[in-house]
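Using the sequences and the accompanying hints, generate a full structural model.
Each chain, written out:
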Amino acid sequence: MSITEDQARKVAHLARIAVDDAALPALARDLSGILHFMDQLNEVDVEGIEPMTGVTPMRLKRREDVVTSGGMADKILSNAPDAREGFFAVPKVVE
Amino acid sequence: MTNVNRLTIAEARDALARGDLTSVELTDACLGAIDAAGALNAFVHHTPDMARDMARAADARIKAGDAAPMTGIPVGIKDVFCVRGVPSQAGSRILQGFTPEYESTVTQNLWNAGAVMLGKLNQDEFAMGSTNESSCYGPAVNPWRGPDGAQLTPGGSSGGSAAAVAADLCLGATGTDTGGSIRQPAAFTGTVGLKPTYGRVSRWGVIAYASSLDQAGPMTRTVRDAAIMLGAMASADPQDSTCADLPVPDFEAALTGDIRGKRIGIPREYRVDGMPDAIDALWRQGAEMLRDAGAEIVDISLPHTKYALPAYYVIAPAEASSNLARYDGVRYGHRATLGSGDGITQMYENTRAQGFGPEVQRRVMIGTYVLSAGFYDAYYNRARRVRALIKRDFDQAFAAGIDSILAPATPSAAFPLGSGDKGDPVQMYLNDVFTVTLNLAGLPGIAVPVGQDAQGLPLGLQLIGRPFEEGDLLNQAQVLEAAAGFVAKPDRWW
Chain A
2 MSITEDQARK
12 VAHLARIAVD
22 DAALPALARD
32 LSGILHFMDQ
42 LNEVDVEGIE
52 PMTGVTPMRL
62 KRREDVVTSG
72 GMADKILSNA
82 PDAREGFFAV
92 PKVVE
Chain F
-9 MTNVNRLTIA
1 EARDALARGD
11 LTSVELTDAC
21 LGAIDAAGAL
31 NAFVHHTPDM
41 ARDMARAADA
51 RIKAGDAAPM
61 TGIPVGIKDV
71 FCVRGVPSQA
81 GSRILQGFTP
91 EYESTVTQNL
101 WNAGAVMLGK
111 LNQDEFAMGS
121 TNESSCYGPA
131 VNPWRGPDGA
141 QLTPGGSSGG
151 SAAAVAADLC
161 LGATGTDTGG
171 SIRQPAAFTG
181 TVGLKPTYGR
191 VSRWGVIAYA
201 SSLDQAGPMT
211 RTVRDAAIML
221 GAMASADPQD
231 STCADLPVPD
241 FEAALTGDIR
251 GKRIGIPREY
261 RVDGMPDAID
271 ALWRQGAEML
281 RDAGAEIVDI
291 SLPHTKYALP
301 AYYVIAPAEA
311 SSNLARYDGV
321 RYGHRATLGS
331 GDGITQMYEN
341 TRAQGFGPEV
351 QRRVMIGTYV
361 LSAGFYDAYY
371 NRARRVRALI
381 KRDFDQAFAA
391 GIDSILAPAT
401 PSAAFPLGSG
411 DKGDPVQMYL
421 NDVFTVTLNL
431 AGLPGIAVPV
441 GQDAQGLPLG
451 LQLIGRPFEE
461 GDLLNQAQVL
471 EAAAGFVAKP
481 DRWW
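So the sequences go chain by chain: A and F.
Position 80 (the first sequence) corresponds to 81 in this note's numbering; numbering is contiguous.
Position 407 (the second sequence) corresponds to 397 in this note's numbering; numbering is contiguous.
It should be emphasised that the hints constitute simulated quantities derived from the structure, not laboratory data.
One-sided and incomplete, this derived list gives chain A residues near chain F with beta-carbon spacing under 10 Å:
| hint | residue |
| --- | --- |
| 1 | Gln8 |
| 2 | Phe38 |
| 3 | Val45 |
| 4 | Val56 |
| 5 | Asp83 |
| 6 | Val91 |
Some chain F residues judged to face chain A by a derived CB distance under 7 Å, without partners named:
| hint | residue |
| --- | --- |
| 7 | Tyr188 |
| 8 | Gly189 |
| 9 | Arg321 |
| 10 | Tyr322 |
| 11 | Arg325 |
| 12 | Gly333 |
| 13 | Ile334 |
| 14 | Met337 |
| 15 | Met355 |
| 16 | Thr358 |
| 17 | Arg375 |
| 18 | Ala378 |
| 19 | Val416 |
Treat the numbers as computed from the prediction; the structure is a model and nothing was measured.
Just so you know, even glycine gets a beta-carbon here, dropped at the ideal spot from N, CA and C.
Structure representation (structure tokens):
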């Protein structure tokens, strides 16, 4: 499987990573090389095999549905690049 | 006592208990060694004041008769662990300036046991890499040098941890292993690296790469030290729903030296094309050593081994693309400067383009691709099915009475920094050929230094154990370590 420059542009956008047009051919080549390597997986007979979600056969832990933590907005905002009046601040989202 | 930074954890613990040594002396010796080892670029955030405070507290605790096995032992912490108040960037520019307000469970467990924090250790960015060259801090350097004085990679991603332990800058270090990131650097530096069973150690506060594969473990100079340090790191943890609710056994007590009757498998599929003679010979010698100690060596087959790497390089990037979506310039770390008229999409895209290095960008995009509509079944689901078959191979070997599996840790000794950068990411991924299988299966594995190649560089072997039987695995590893008698140290040039 190879991917085209257009597909590389699309995947970069889906991943929200800016890529210059000039860098797209090299990116498409890299991604194609990796996908080609993965194509080996097509040799394996996986008929009747369930996709694995976790290695340990265990039931997901349960706990009481209660508030166990919170009330620390200052701590949560302390690493924000831009925080104002107790909120994260971002560029205008809604026109 | 002189050069106390060279002591093993067990030796230091005993000297501290006897009163022959204080934690303050031991910590100062390590801090001095760290200051003199800037050329190794192993420690990337230094916490000497914190270290001395913790050492004084440890000395008081020892005096009060309240010492735990790690009390007063100075350790280094891989940058990927969140430590409250200490920069924690996972080797990435995108977390520049991030100072956690909370503590990872592993480090909290270590501090509760009385261990002393020396600083943060270099690593590949988000633990993606096998050479430490994808770090935003520049590569850590292997204390072992090539025959012509060439600077070698300490391996990765836990390269700073391995370099620091090998160069006696700390007595032990934490690492994390998603596809070999503890065991490969340990093998490249002549040290011991243990990847525990998935779920043995909490992932809470460990900056995530691939959540179904990531596992933290100890990197030390001896197998006994790995047993001691794992005991301090491991715990059940309500904060990590994948962390097993199992009691933590006394791993050191499992080191009986008796492995008579153990059945140790030699997987034929690990004999890969182009494997250097030195690695092949080492593997045979290792099997002989275990046989001489009374183990039974059995040829086994793990038929899906060759598909582990391609499966890993679908699953790990898929999980990474999801985990790393949180780095968007909103909540922490780097945010790109916006041009006039730039909206939130430009902010995301420019922040991530500037903050992530090339290998991380590549893996996030591959992960995005294999999870995208139309490819999810062909790549991601197929890889997860192959993963189930890889685990089944191991399950069948264990069900047939195999206690552990002996294999090389790496396909080569440490190689020069810069030599892997040939522009082909797949070539670099092949470094993980012997290590990724057990991450996919969730099994514990340990790299033990067993010999040296013709250039005098360390070579390691890997033992793979049954799930949650790290004690048994460590016991076999210690027998191998004792039989190999690896005592070489790098000549000090830094």
